[in-house]
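K.L.:
Sequence:
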Amino acid sequence: MCGICGFLQSLPIADENVLKKMNDQILHRGPDDEGFYYNKRVGLAVKRLSIIDLNTGHMPLPSYSKNSWITFNGEIYNFKELRNDLIDKGYKFRSGTDTEVIVNLYEEYGVKFIDKLRGMFAFAIYDIKNDSLLIARDHIGIKPLYYCKNSDNNLVFGSEIKTILQYPGIDRTLDKGSVDLFFTLEYIPAPFSIFKSIKKLPAGHYLLVKNGKVEINKYWNLTDNLHDKKNKSFEELKEEFLFLLRESVEMRMISDVPLGAFLSGGLDSSAIVAMMSAASKEKIKTFSIGFEEKSYSELEYSNIVSKKFNTDHYVRNLSPDINELVHFLTDFLDEPLGDFSNFPTYLVSKNAREKVTVALSGDGGDEIFGGYEHYIAQKLAKSIDLPLIRSIHPAFSKITNLFPPSKLKKGFVNRIKRFSEGLANPYADRHFRWMQFLSNVQKKKLYSAEFFENTFVDELNEREPFKEYFKDTEHYDGINKDLYLDFKTYMVDNILVKVDRMSMATSLEARVPLLDKKIVEFAFSLPPELKLKGNITKWFFKKSMENILPEKIIYRRKEGFSIPIKNWLKTDLKDLMMEYLSSERIKNAGVLNPDYVNKLITEHLSNKENHAHRLWSFILFNIWIEKFGA
Numbered sequence: 004m005c006g007i008c009g010f011l012q013s014l015p016i017a018d019e020n021v022l023k024k025m026n027d028q029i030l031h032r033g034p035d036d037e038g039f040y041y042n043k044r045v046g047l048a049v050k051r052l053s054i055i056d057l058n059t060g061h062m063p064l065p066s067y068s069k070n071s072w073i074t075f076n077g078e079i080y081n082f083k084e085l086r087n088d089l090i091d092k093g094y095k096f097r098s099g100t101d102t103e104v105i106v107n108l109y110e111e112y113g114v115k116f117i118d119k120l121r122g123m124f125a126f127a128i129y130d131i132k133n134d135s136l137l138i139a140r141d142h143i144g145i146k147p148l149y150y151c152k153n154s155d156n157n158l159v160f161g162s163e164i165k166t167i168l169q170y171p172g173i174d175r176t177l178d179k180g181s182v183d184l185f186f187t188l189e190y191i192p193a194p195f196s197i198f199k200s201i202k203k204l205p206a207g208h209y210l211l212v213k214n215g216k217v218e219i220n221k222y223w224n225l226t227d228n229l230h231d232k233k234n235k236s237f238e239e240l241k242e243e244f245l246f247l248l249r250e251s252v253e254m255r256m257i258s259d260v261p262l263g264a265f266l267s268g269g270l271d272s273s274a275i276v277a278m279m280s281a282a283s284k285e286k287i288k289t290f291s292i293g294f295e296e297k298s299y300s301e302l303e304y305s306n307i308v309s310k311k312f313n314t315d316h317y318v319r320n321l322s323p324d325i326n327e328l329v330h331f332l333t334d335f336l337d338e339p340l341g342d343f344s345n346f347p348t349y350l351v352s353k354n355a356r357e358k359v360t361v362a363l364s365g366d367g368g369d370e371i372f373g374g375y376e377h378y379i380a381q382k383l384a385k386s387i388d389l390p391l392i393r394s395i396h397p398a399f400s401k402i403t404n405l406f407p408p409s410k411l412k413k414g415f416v417n418r419i420k421r422f423s424e425g426l427a428n429p430y431a432d433r434h435f436r437w438m439q440f441l442s443n444v445q446k447k448k449l450y451s452a453e454f455f456e457n458t459f460v461d462e463l464n465e466r467e468p469f470k471e472y473f474k475d476t477e478h479y480d481g482i483n484k485d486l487y488l489d490f491k492t493y494m495v496d497n498i499l500v501k502v503d504r505m506s507m508a509t510s511l512e513a514r515v516p517l518l519d520k521k522i523v524e525f526a527f528s529l530p531p532e533l534k535l536k537g538n539i540t541k542w543f544f545k546k547s548m549e550n551i552l553p554e555k556i557i558y559r560r561k562e563g564f565s566i567p568i569k570n571w572l573k574t575d576l577k578d579l580m581m582e583y584l585s586s587e588r589i590k591n592a593g594v595l596n597p598d599y600v601n602k603l604i605t606e607h608l609s610n611k612e613n614h615a616h617r618l619w620s621f622i623l624f625n626i627w628i629e630k631f632g633a
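Using the numbering used here, the first residue of the sequence shown is number 4, and each one after it goes up by one.
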């Protein structure tokens, strides 16, 4: 695992010193080695975390012909098979790395080679002969890649935004539409970033710069890779899935450095640990995070799995005293991300890094097999009389608002309120409402008058980043529609961003077996009724694991990897909230209306409403904007 950055210039504005400054920003992504390729107009750089071929994996490195140079972040799990294909064609290799395979595949097949790769990746290849730069991001979007084309027609790229900001003349103007999306969703979906001048390269896409022109193309489309599974029996499907899962886990256990796994005790991480244990002759190292608040702690379940598979289990507890951690982790995020689970993800990564350099994670299972409660809500909403619901909805909402929010992680009242907020809407709006944290009505009150005037707030514009994905849902039935939307947005730009940044902050490589391309294509080919049966989420996955995992693990209620932030904002984090949401600070930032923010604070502290998500987003935004000087 590594961090990469670089540029292709029409005029040589930046030199080697600039390239080094860019690279220094991502030391945490690769503390073992660094390398540079520079020829006045072109710069490629890398910070390397050595995982495979520790001695000869120095980058950037050239192709066999030396006509192309590559800098690479990620792991290609089928590289040995691809390497053998190239050897048969006459290629010779100087190292045992997957990086060298990629650059030679490019010379043999051109951009078409990208879809042959099975793994997680972001890379840049400079073609000397054609004077072109190719940058690409993996099929799923596991590894990040940002880019900027500035006013001088220079293309700058990097694994993180902070590398790009070191390049001369990068515009730091906020993208107001992205700010609006952040407050709506708690993350910023691709292709946007918090800065107007910087974009995310979407998953499954490549960008080619040649003759001053930038061309962005999709090389992989999930909807084109579905296979009809309707005529297969459950046993046939189960056998196929377990084969793919074992294969995916075993591929991701290839490492020249110590390796372990995150273990929450949920279905996904437990399935990964089970497969690792079966494939290894040595005890697996597993890592968990706990809390004092019982409704948030999952240590009971992770301990069950650890004992079942006889793992070396390491536990760390997260206390509410995380004030310093808030400031520290903001440096690694580059743009605001409101997900509470940043903190436990960082701490479990830090815990793991003390023992291993690579950890397997169970992320992705909910978005491909159907693990979230809003999938049940969507199914329920389709089965009831919506005209009747719309007529009684205002009264129902008033009744639910009479009840104070629960202190529990997922109290009954909290669930009913959230269901009520989305219920009366048509499909697209309903899904969007259940995945957002501020409505347009609330945002009209939230934004300052100046910010509001220049920011899109109507629902059609608000969903603009998702227009293509909503159109693609025509290819899917039932729950698969909602899964596809979450897979392309929430998973990529929230879950995977969180895992990448928090693990890389500790120089730990996180691998995600459930997001292997073949497993994803298999999962989305399954009929929807196999994923949500009655009110049982992830039915197919759960049934497939019945002879492997304890029943208590398989059929436990999903809790999610979160922290008791709603309670901590009333206690240990109250001072932080009052400091960063003071009227003076809010006015200085110029985005929010201090009167409305104070109203939400009062309602939260008095336990009238649970505004934890909203208030936390406001706090993080104000901390971020002061740190980055946007």
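Don't take each hint at face value.
As the list claims (entries may be wrong) - No more than 16 Å apart at the CA atoms, straight line, and that leaves these computed lysine to aspartate or glutamate pairs for EDC-like:
#1 Lys232 - Glu242
#2 Lys132 - Asp118
#3 Lys590 - Glu629
#4 Lys43 - Glu110
#5 Lys69 - Asp134
#6 Lys43 - Glu19
#7 Lys119 - Glu629
#8 Lys358 - Glu285
#9 Lys555 - Glu303
#10 Lys573 - Glu524
Rather than coming from a laboratory, the hints here were simulated on the basis of the structure.
Predicted model only: the values in this text are computed from it and were never measured.
K.L.:
Compare the structure with each hint and give your call.
P.N.:
The hints, checked one at a time:
no., hint, result
1, Lys232 - Glu242, "holds, 13 Å"
2, Lys132 - Asp118, "violated, 23 Å"
3, Lys590 - Glu629, "holds, 13 Å"
4, Lys43 - Glu110, "violated, 23 Å"
5, Lys69 - Asp134, "holds, 13 Å"
6, Lys43 - Glu19, "holds, 8 Å"
7, Lys119 - Glu629, "violated, 43 Å"
8, Lys358 - Glu285, "holds, 15 Å"
9, Lys555 - Glu303, "holds, 11 Å"
10, Lys573 - Glu524, "violated, 44 Å"
The structure does not agree with the numbered hints 2, 4, 7 and 10 stated previously, though it agrees with the rest.
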